[in-house]
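J.: Line order of the protein sequences matches chains A and B. Letter by letter, the first sequence follows residues 331 to 583 in the working numbering. Letter by letter, the second sequence follows residues 442 to 556 in the working numbering.
To be clear, the hints were calculated from the coordinates, so they are not data collected in a lab. In this text, a Cβ means the ideal position worked out from N, Cα and C, and glycines have one as well. The reader is advised that the hints may include incorrect statements.
Quick look at which bits of chain B chain A covers, simulated, 3 or more residues with Cβ under 8 angstroms [stated by the list, open to error]:
{"no.": "1", "stretch": "454–465"}
{"no.": "2", "stretch": "493–499"}
{"no.": "3", "stretch": "524–536"}
Ranges between beta-carbon positions, derived for each pair [stated by the list, open to error]:
{"no.": "4", "chain 1": "B", "residue 1": "Ala-522", "chain 2": "A", "residue 2": "Val-561", "range": "20 to 30 angstroms"}
{"no.": "5", "chain 1": "B", "residue 1": "Pro-506", "chain 2": "A", "residue 2": "Leu-391", "range": "16 to 26 angstroms"}
{"no.": "6", "chain 1": "B", "residue 1": "Leu-448", "chain 2": "A", "residue 2": "Val-561", "range": "37 to 47 angstroms"}
Now for the letters of each chain:
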Amino acid sequence: MPSGRSASATPALPYGSGFLGGLRSGATSIYMVVVVGSYISIGALGHDLGFPLAWTVLTTLLVWAAPAQVILISALGAGAAPLEVALAVGLSGMRLLPMVVALLPLVKTPQTRTRDVLVTGHFTAISMWIEALRLLPRVPREARVGFANGLGTYLMGAATAATIAGYHLAQTLPRLLVAGLLFLSPMSFLMSVVRNARITADWVALVAGLVLAPLLAWRGVGLDLMWTGIVGGILAYAAQRLRETCRAKRTGR
Amino acid sequence: MSALGELAPYGLLILVGVLPNEAWRLLGVVLARGLDEDSQIIVLARATATAILTGVVGKLVVFAPGALASVPLSVRIGAAALGLAAYGLARRSVLAGVIVATLAMMAGMLVLGGI
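Bound-form chain B, shown alone:
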């Protein structure tokens, strides 16, 4: 009984964590059959995925989770803008952009409280 009790979280992981997530990947594998790189569906799929991706970014910045929530919204948006500026100034360096944005957010958090 107790062995079963210890295994229960793993069963739950498969049922409510893995299956509902992996199903989308499998569906994608099936739908991608027979499509070639230049098909119009790919342009649409890529645009859809990009919009959802930046949507995730927008939501994470505006409705920040956990420890980020204590930082004012203006700091989060300002830090992101600074990061984009650094990315451009450093000749399209993603690393520079990410570092500047993150440090700017942490600096804002230190100065304006939230720790």
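Here chain A stands alone, though its shape is the one from the complex:
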């Protein structure tokens, strides 16, 4: 069994690559449903807490991270101290660092300048990251920055439309539907991570995160997600190295 990294073995994307290909794969992605569902609830939240529509839409365009937006809108709406809000948003945004570090080397060529990927960095959010990691191996390397930006553009466009819709629908959405919309994103993250898992490190990290974060939060440990990332990441990495060492020994004998 090869290591599973052979990109040439997977079929090319049916709708081309580059920016347009990225747009199209955004349109056909399951994340369309998820992003629309989540951002309807964010638009409704902005409305309920009395923020202007333009302000609520700007959080989608500029923050582009649903958990941070929920924190920002609900904390400011409740009148929390700005410094406290900034800290909470900053802590929730920490996950973006390893995500960007894992994604960018996949889109870059030796000719790519740092400023060429700034936009790709801004588009990086859970939904875009998962879909990009899944699809990019099937895109020719020189077309990947455009592809990732197209994917991000489509998802962000859909999110913007959904934010506006949610803002206007806020008072008419039944509670059952709101709960269903809220459940969409964690479930799609879960299924996607399971589908995208290829190597031992992915599986160990997946399980470690599911178990560690609720456990740490339940025990009242601060910065639970940061510790989950550090401990889960190191555990997963160690498991991967161990597995590779064992395999090397077996084949070396």
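Take the given structure of chain A and dock chain B to it, following the hints.
T.: Using the frame of chain A, we list chain B on its own:
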């Protein structure tokens, strides 16, 4: 004065919403310079991001926000498990998994109350 008052929320958005979040992305862009796809750091970064991601899932399911909080924990976990089963049965279809999990949660909410 009132124009300034109307602009204040936008200044606040940049200061406490955009900057603390975007800083991590910019730091990631800087740190990713010179790394290639096969470097060991990428494996570690990917594993860290994956653990945080499923950590978010775990927290959202266990300590559910808003309208979800009124659904019993057993329903939320059961719905997630049903979704994973559907994902497997439908030959690794994310869509099938998400739909079954969400409908199962909503059904549980209808039956067990919480609306």
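J.: Each hint needs a verdict: does it hold in this structure or not?
T.: Checked hints:
1. 454–465: holds (count 12)
2. 493–499: This one holds; 7 residues, not fewer than the three required, reach chain A with a Cβ under 8 angstroms.
3. 524–536: It holds, with 6 qualifying residues against the three required.
4. B:Ala-522 x A:Val-561: 20 to 30 angstroms: Holds: the Cβ-Cβ distance is about 24 angstroms, inside 20 to 30 angstroms.
5. B:Pro-506 x A:Leu-391: 16 to 26 angstroms: About 23 angstroms separates the Cβ atoms of Pro-506 of chain B and Leu-391 of chain A, which means 16 to 26 angstroms holds.
6. B:Leu-448 x A:Val-561: 37 to 47 angstroms: For Val-561 of chain A against Leu-448 of chain B, whose Cβ atoms are near 43 angstroms apart, the range 37 to 47 angstroms holds.
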